[in-house]
Structures are given as structure tokens and as C-alpha cells.
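There are 2 protein chains.
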Amino acid sequence: MATFDRADLLFQLFEVSDLGKLMNSASFAHIDRDVVEGVIDTASRLAASHFEPYARLGDENEPTYESGTVQMIPETGEAVRAFADAGFIAAPFGEEFGGPKLPETVVQALYFIFATANIAFQGYGMLTAAAARMLATFGDDDIKARYLSPMLEGRFLGTMCLSEPQAGSSLSDITTQARRREDGTYSISGRKMWISCGDHNISENIIHLVLAKLPDSPPGVKGISLFVVPKYRVDADGQIGVQNDVALAGLNHKMGYKATTNCALNFGENGDCIGYLIGKEHQGLRYMFQMMNEARIAVGVGATALGQCGFQASLAYARERPQGRHPDNKDATKPQVLLTDHADIRRLLLAQKAAVEGALALCLYCASLVDLAASTSEEDERHEAELLLEMLTPITKSWPSEFCLEANKHALQVLGGAGYTRDYPIERCYRDNRLNPIHEGTHGIQGLDFLGRKVLMQDSAGVKLLVERIRTDMAAANRTVSPDLIESLDEALERFEVVTRSLTEEVARDRRAGLANATLFLDFAGHLVLAWMHLRILRAAQEREARDGPSDFTTGKKQSATYFFKRELVRTKVWAETLLDNDLTAYEADAACL
Amino acid sequence: MATFDRADLLFQLFEVSDLGKLMNSASFAHIDRDVVEGVIDTASRLAASHFEPYARLGDENEPTYESGTVQMIPETGEAVRAFADAGFIAAPFGEEFGGPKLPETVVQALYFIFATANIAFQGYGMLTAAAARMLATFGDDDIKARYLSPMLEGRFLGTMCLSEPQAGSSLSDITTQARRREDGTYSISGRKMWISCGDHNISENIIHLVLAKLPDSPPGVKGISLFVVPKYRVDADGQIGVQNDVALAGLNHKMGYKATTNCALNFGENGDCIGYLIGKEHQGLRYMFQMMNEARIAVGVGATALGQCGFQASLAYARERPQGRHPDNKDATKPQVLLTDHADIRRLLLAQKAAVEGALALCLYCASLVDLAASTSEEDERHEAELLLEMLTPITKSWPSEFCLEANKHALQVLGGAGYTRDYPIERCYRDNRLNPIHEGTHGIQGLDFLGRKVLMQDSAGVKLLVERIRTDMAAANRTVSPDLIESLDEALERFEVVTRSLTEEVARDRRAGLANATLFLDFAGHLVLAWMHLRILRAAQEREARDGPSDFTTGKKQSATYFFKRELVRTKVWAETLLDNDLTAYEADAACL
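Quick mapping for you: the protein sequence lines, in order, are chains A and B.
Taking the numbering used here, the leading residue of the first sequence gets 1, the next gets one more, and so forth.
Taking the numbering used here, the leading residue of the second sequence gets 1, the next gets one more, and so forth.
Chain A on its own, in the form it takes in the complex (with noise of 0.2 Å):
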């Protein structure tokens, strides 16, 4: 069964996102559209044979502890080694690193095609590619030598090991201690938690970024380094030599996500762990942010993969199955009709559309801003467009985590109890979504990040170029899309500009009050750029009729649109009132008398 919808992808890409623009510029004078479209076939064959068809015997055999290592059912290790082969782990990486440097639009685009195929097995290549660009960035000649090039072909897989068991979302509180050593390594002791691709027997070698202390360091977040620890220490001539005193703790049994080892990690039982500092001391927390940012987008892609590959499953099923009769119709003697002639199943099934056309546009979108950052020459528009992607980056992943799962919900029910059955890929699908608001920040730590962080810095000037950016597309967007489109946006950004005016005299006055409805406010902000980014879509569907003529692919983008503004953009009126009341119910509530 597909997974994703190839030409929907190409149209997200080519006709609704800036990678056009984007490859027109000299960073990436290498792309073309023949590039793109086949690096997307190459994947699309990948996940179609070495992903998709195991996901659910991944998902029913979760990694278990046997004779001292984590073992993997071996479909795991061909599916890593086929991505790293095909080299997709590189695909981010220039030419020094023998990498064809894809823009990061299209390195997030083949992440969707393998995230809805089998989002567990894909989560192994993605961590070490993002650990590897981390060292590419920041790591000295000596530590890239012996571990960049084996992480960039898949021998060694990396992992980033941040929280502990008793700091899991505050990073000040880690006790992970580095003590210098005299040949300017590290002796790392502490215990790590929640560590993705922690263990497990598919790679030759585990290259874990982590965070930690040194004993003269500041209290806080201003005191964690980065260092590298292998769990085989590596010659300078690449040869893998003695176990490095790094311990499986435990594995973590998950809801979902099986086949992605989560581990507890113990470092340095026996003292004899060392670790390798990546850039300077006390510099840790500023470079993992780097990673964390594009781990961000990466959660926001793999949301959005799931509400896809969610959607795809029910819309094949509701398009086969029949089942009941309409409401003024009841006559048994006739035959049933199919789900899809059903209002409440085109229901659930639209949402679902809304939401991941949404949320792809979204995540496209942010992934073009880094490359638009990585690539102009023109000073003003890198800053923009850093400071769009700061404001953004919360709600990439935040509002897929939260919407696709919702979308995930809705698939499930047009199969019913199909739906809940292990026959489908949707209950496996709503179970592995169910991390991505967790992980990576909370839900409501992104809602604190949003209003406590990005909409104040700067004297607020993210917020008003968001506004500016949304209304420059929604006058280009005037003369093609429908005005009742156009006047729910405009009054929707009036009340987004007003609450956010309100909210941040409400933070100055008591920071701790007035961030109390963060998670409400982040919602509110996403589907006000959810809705922007459907008329993005619909402007796109516009030229495209203008050019080919209407089409159902057309029809189609006009339905979710429509759909989306009708039936959620709406749901901002009441939570503008909520918020401009800084309705205090739940911040003023007595914990005693829960």
C-alpha cells in the first residue's frame, strides 16, 4: 500500500514551498528538479522494501536484553545499512564529506517518505545524521578523522544523550559529571535517560553526544559541555578498540516507536569512561540547541509522516469498503454504499487531509528557511529568515504532534474495530505518534518556548515580521483565493495580534501568570500558520489551474482548505476570549484539592 502521494509531495515541493527560488541560488546551483525527483524515487523504492514491510513485525518484536546487548530482529540493521548505502545519512553533507549536500527541504521531504513507511527504523539513520552534523560543525580535526566518515556510511550510528532520571525536560538539573583527564580527554560519570538508539547489535559502533557538568562549571545550563563517548573507543586510524564503560541501565517499553531502542545508560560504573569535549567548555547546551532545532522540524516531519500514512490507509479502505446506507435511504433491499459516500466519514477523512497537507507545508516551509539562512548572501534575509524559523520552529513541533495524532484518531475510526486491529498500519500509527508531543520538549514546554522566548525577543520583532510574511502572501494570494478565505485570515490575525499585545503586557506585569495559557496561545498561533499555509497551498492550486486547468488534485486542495478554515481556524475565536480574559482557572487552582 502507498504510503505517501508521490505527486503531492513534488507539488508541496516544487509549487507551494521556495526550493524552487532556493536552487537558483549558487549554494545549490548543483540541484535540479531531475536531482529531487530522483533521490525521492530511490527513497520511495528503499522504504517501499526495506522499511514498510517490516514496520509491523518491528512494532510486534520490540528489542529485548539477551547476553549482555540489546537485540534487534534483524530487518532493522538492513533497513539502517540499505538508508546509509543509498546514502541518505549524507545527504545533508557537502563534497568534503563526500556528501551531495541536498538542501535541507528535500533532506526532510526523504524523511517523510521513510517516517511513513516505518517511522521506528527510520529514527536510527536521522539521529546519526543529525549527530554527525553536529561534529562536521563543531568537532575538531581529530574527533571528525575517527567518527565522521563510518557515522556518514552507517557503521556507527549516533545517539544524543541529554536528560537523566531526575531531570527529564530541565536541562539545568543534570548531574552527569566530566572530570579532565591529563591527556586533554574526559572521565564522564553519570546516568542517562530516555536515550533513543541507546543500544542495540545493528552497527559496529554507538556514537553518543552527551551532556555534561564539569565540577568548576557555573550551576545551570551555562555549566554543561559536549562530549563525544563511543561505546567502542576508536584508534586515530579508525580501528574500533576496547568497550568504553558505557552500560545498558535498562530498555524502556513503549507504547509505540518499538523498534527504536529507548535505553537507560549508565556512563563510567567503573571509572573508566572517557569522553572527548566537542568545541569549547561550558559551550554544550548552544551547540545541542543546533541539533535540537533541527530535531524539531525532524518531529514536526515524523508527525506529519504518521497523520500521511494514517490517512492513506483510511482513504484506500473507505474508498473499497461498503457499509451502511444514507439517512434517507434506508432500504435494505438496495445495496450498501461505500464509507466514503458517508458525511461524517469525508469528515474524518477531510480533518485528516487538512491537517497533514497543513502540517507538510509547514515543515517544508521551516526546512527552506534553514537553507535560505545556509545560503543567501544578502545579510538582511539571513537574519529573517532565522528569526522566522525561531518563531516557527515551537510550532513545527508542536502543532503536527498534536493534530496528526488527532488526525491518527480520526483514521482509526472510519475502519472501526478494523481500525483498531493489528491488520492495519493505523492503531501502530496512532500509538508511535503519540511520542512526538513528548519528546524533543513537551507540548508544553514548545508553549513556553513560544510565548516566553520568541514572541518577546527582540523588542517582539519575530512576531511582527510573522504578521508581515502572512499578510504579504495573503495580498498574493487576493485576486485568486475565495474572500471569505481571506476575511477569516485577516480577522484571525487581528485577533492574533491583539491577544499577542495583551499577552505580553500580561508577562511583563507577572511573568509567571501571564505565561500560564502558554500551550493554549501555541495553538492558537498554529492554526493561525496552519491557515496560512493552506492559502499558501491554495495559491499554488490556483496557478496550477490557471495553468493546466481544474483537476480533482485541485478540487482537492480547494476541500481542505475549506475545511481547515471552517472548521478549526474557527476554534481561535474562543481561544482568543480565553486568552484575553488570561482566564487564570487552572494557574490559580489548588493542587491540594485535585
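Any given hint could turn out to be false.
The list treats identical chains as interchangeable, and a pair is accepted whether it falls inside one copy or across any two copies.
[To be verified] Think about it this way: if two alpha-carbon atoms lie no more than 16 Å apart in a straight line, the pair counts; the simulated EDC-like pairs of lysine to aspartate or glutamate are:
(1) Lys258 <-> Glu60
(2) Lys566 <-> Glu386
(3) Lys566 <-> Asp583
(4) Lys144 <-> Glu75
(5) Lys258 <-> Glu494
(6) Lys21 <-> Glu491
No wet-lab data here; the hints were simulated from the structure.
Based on these hints, arrange chain B on the given structure of chain A.
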């Protein structure tokens, strides 16, 4: 860990619901508060000893097919036998069947207790009680003699066999055949699907209640008859005889509710399946609807119980787990604060508490209407109780299913990564609860039932009665409850009346289009009814305060009600707009363009 709150359940039963009044009636003169507290404590002990400890085990060891039967972990059978031995299957039955004739209100409270501990184990006893009630009500003496006592003793367990592979929600399309045999029995042949408790190794016999059609039946639901079809035939003297040609065709592998087996069954593959008619031919659906209505309340109770289990687990965790600091005091040298100190965590807890308390009040209110209809000697009172019950049944089935599932989503979020693991019951509750919007009539079908049947019946007499009852309780609460809340309920009620009139006209004009948004209307009515339930809870809390002074408990009730009114009831504003427009975006969407 406590899975429910005893003091709260007693408050709901004796101060919020009308159980006290019911116990004054002649039918329930044998019941007093001591009796009720006694059975609740017995249930609590049994739930703690035989249900809760095996919830994870049952989930991790789903039933398997081995050597001809379905194998369960032995703890399943032990729990069901203990449940039966303590008299819980017989709980609603009168003296003539050796039961204590507990009011339905108390019976549902007992189901609630067991379902909070282990809903998948609880299914067997509950379903058997429901099937036994059908036999007691509609079966002839011979059927009662052979099956009833062993079912009440838990030696035989019951099922309902309605759906078929080609007819999930559409009962008019079932094709299972029943041919009259000369001896007055029937020969059954056909395939049934989604049969909970359909096969297992934990009882001496399984008694299927099967919907089937006679060869000369009229088409559609009018041609349906109801049969007892035992797995093993039973002699007139109660001896178990040969197998009855009921074959297990397959096990469904579900996302949750795993310890409740769910099967495809083939009846009469070898032409040797005998069924015994219940009541009269062609009356099967009418009989079954009695059982379905009770089953629908039980679904609401189960969904609420899962919500409650998640709420208790997340509250306990949040009260003990330090994590992070307040946004206005990030000093890392100070200790972390508790999760309950964060406004957004309190929101996630309050949202659960408000959903679960309101849903429980609704379930018990419905059960008390069942009791009232069965016990009153006043014809008007009985008629009104039945009418109101008809109105509330689709809401009681659906609202907890949808919104206590949402509560479980929140519970998981409170724990973050830990909630995503099997170390806590929450991810299991979330998976279990996902079934509830599907079985016993999907959410969409409940919407059609509510708007297409219940709202319109008897010239909208049900709507009028519902509105009148809400207004009566508002008037009674007026002196004690905050005017703000009364006013917002009043506004919501007016919105509901306007929307109902508008939709009633739409349905009269074009039944199909008028019912297009029936699901949204059901949610709207559900939120209104839940606000009403919170009003009843509030009034009871105020009465308690007037008697005993304020307490954390009563403050807690005010917090939940305030949360529900301010954060949930407000949603009806936007829903009303959409419904008044009768937005047809989904209805008119072209399925080919999805």
C-alpha cells in the same frame, strides 16, 4: 495504587445521583446505604486482589490460539470466577434468580470499580450479566432452566453476536441464517465478527446470543430474530453435552482491551449448529436493543473508569515528581518544583478531573433513570424517565468515550516519557479507551441516533423534557452556585434550543443534508449535558459545605466545574455557529478529490 476514589464515588452516589430517593421506593426497600457501602468495599477488595495486579500481565499476554481453543492467562479465569462467586454477575437480579436486586445505579458503580482496575477482565462478567438479563426477560422457561443459573454462577459466560464481516455497523445487512427444524429448534449458519469473549478456556460453556434471519424474513432489521446458541449443548437437566458446531475462525489482534478475547466465529460450518429462539420470531432487534441500551451506558462507565484510572495515576505522579522551575524563578541552585506546581500540568489534571467527574455523574444519572422507570408506580414518571433515558443514552455512550480518551491523552502527557512506557497503567488505559468510540455504535452512529431519531421523536418531546430538567436544576442551584456559571449554562442552553430548532427544520427539509453534522451536534449536546452534571455536582458540594463547612474536597468540585465551564462549555459557541450555518463542507466534498 488506588484506581478510584472511594469518598468521591460515595459522594456521587448518595449526594449527586438520585439513589437516595430510589432507595425510598418499595422496589429497593431492601437496599440502604450500609448495603451499598458493603458491596462497594467487597468490589474494591476483589478489584485490588484479582483485577488490578493482572492488568499489565493480561495486556502483555494477549489470548492465543492453541490446540483448538483460545488460551488465556489463568488469572483471567480466576478473576471472573471470583467476580461471579462474590455475586457480581447476579447483582442486578432479583430473589427469584437468587440475586440481591441491586439498583442499576449501584451495579454501574460496581462495574466502574472493576473497570478502573482492569477493564479487559471486567468484560466477561459484565457481558454475561447483560446476556443473562436478556434470557431472564425474554427467554422461555426451558431456556432459563438450562442457561440462566450457570451464567449467574459464572460457569457459563455470555456473548452478543451481532456484527458480520460484511455488516459491521449495518445490522440490516446481516446474512446469518436460521432455518426452522421440526423439533422447534433452529439450524444456524453464518459468520459473526468482532465477538467479545467469543472464545476462551475460562468457563465450562459459552452462551452466544445470535442475531439471524429466517428464510422467509422481511428484508432489513424487521427480519431479525434472536437465538441462544451454546458452544456446548446443554441437556434439560443441565448436563453439558457435545459441541454445537460453533468454530473459531480467527482472533482479532487489538491495540488494547487485549485480555478480552475478540473473535470471528463461524456458525454451522458442518450444518450442525442448533439455536433456540428467544421470544418471538422477527423481534430480535427489539430485544437486543434493550441489551444494547444497557451496554451503551456500560460503555460510558468503562470509558469513564479508564479516565479515572489515568487521572489517579497521573495525579499521584505529579504530586511526587520534582521537575523544572517556575518561569520567573529559574535559579538552578534552588530545588526543582513539583509537577503540580506548574500551571500547565494543573490544566492537564483539571481537564481530566472535570471530564471524569462529569462523565461519572452522567452515567449514574442514566442508571438512576433505568431504576426509576423500573420502580415507579406513576405512569407519567416512568414515561418521562424512559424518554429522558432515550435522549441521554447516545450522549452517555459517546461523551465519555471521546473525552475520557482525551483525558487519558492528558494523563500520559503529565508523565511525559514515563507515561509512554508500560511501567504505568496510563498508556494501557489510553489504548483500551480507544475502543470505546467504536463499539456499541460508533461515535458517528450515536450522532445519527441522537439527531435523527431521539431529537425528533414524539414531536421533540425528549428535547423539551431535557431542557426542562436542566432549567429545574438551574433554578434549584441558583441560590448557591456562582451566577457566572449559571449564566453561561443559561446561554449555552439557549444556543442549544436555537440550534436544535434550526437542525430540526433542516432535517425536515432534507434529511440527508440535515444530518450531515449530527456528530458535532452530539458533542454540542454532550458538553451542555456535562455542564448540567457539573451544576448538580456543585449543588451537592454546596449542600455539603452548608452542613460540614468547606473542605479540599468541595473546593475541588468547584475547581473542576469552573474549569469545565470556562474551558469546555465555551466551545459550544463556535459549534453553534457551525451548526447554525449547517456548514456542508464535508457533506459536499467530492470523495474522488480526497
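Status of the hints after comparison with the structure:
1. Lys258 <-> Glu60: both (8 Å within a copy, 14 Å between copies)
2. Lys566 <-> Glu386: neither (32 Å within a copy, 37 Å between copies)
3. Lys566 <-> Asp583: Intra 26 Å, inter 8 Å, cutoff 16 Å: inter-copy only.
4. Lys144 <-> Glu75: neither (29 Å within a copy, 56 Å between copies)
5. Lys258 <-> Glu494: neither (44 Å within a copy, 49 Å between copies)
6. Lys21 <-> Glu491: Close neither inside one copy (30 Å) nor across copies (52 Å); limit 16 Å.
Of the hints listed earlier, those the structure fails to meet are numbers 2, 4, 5 and 6, in rising order.
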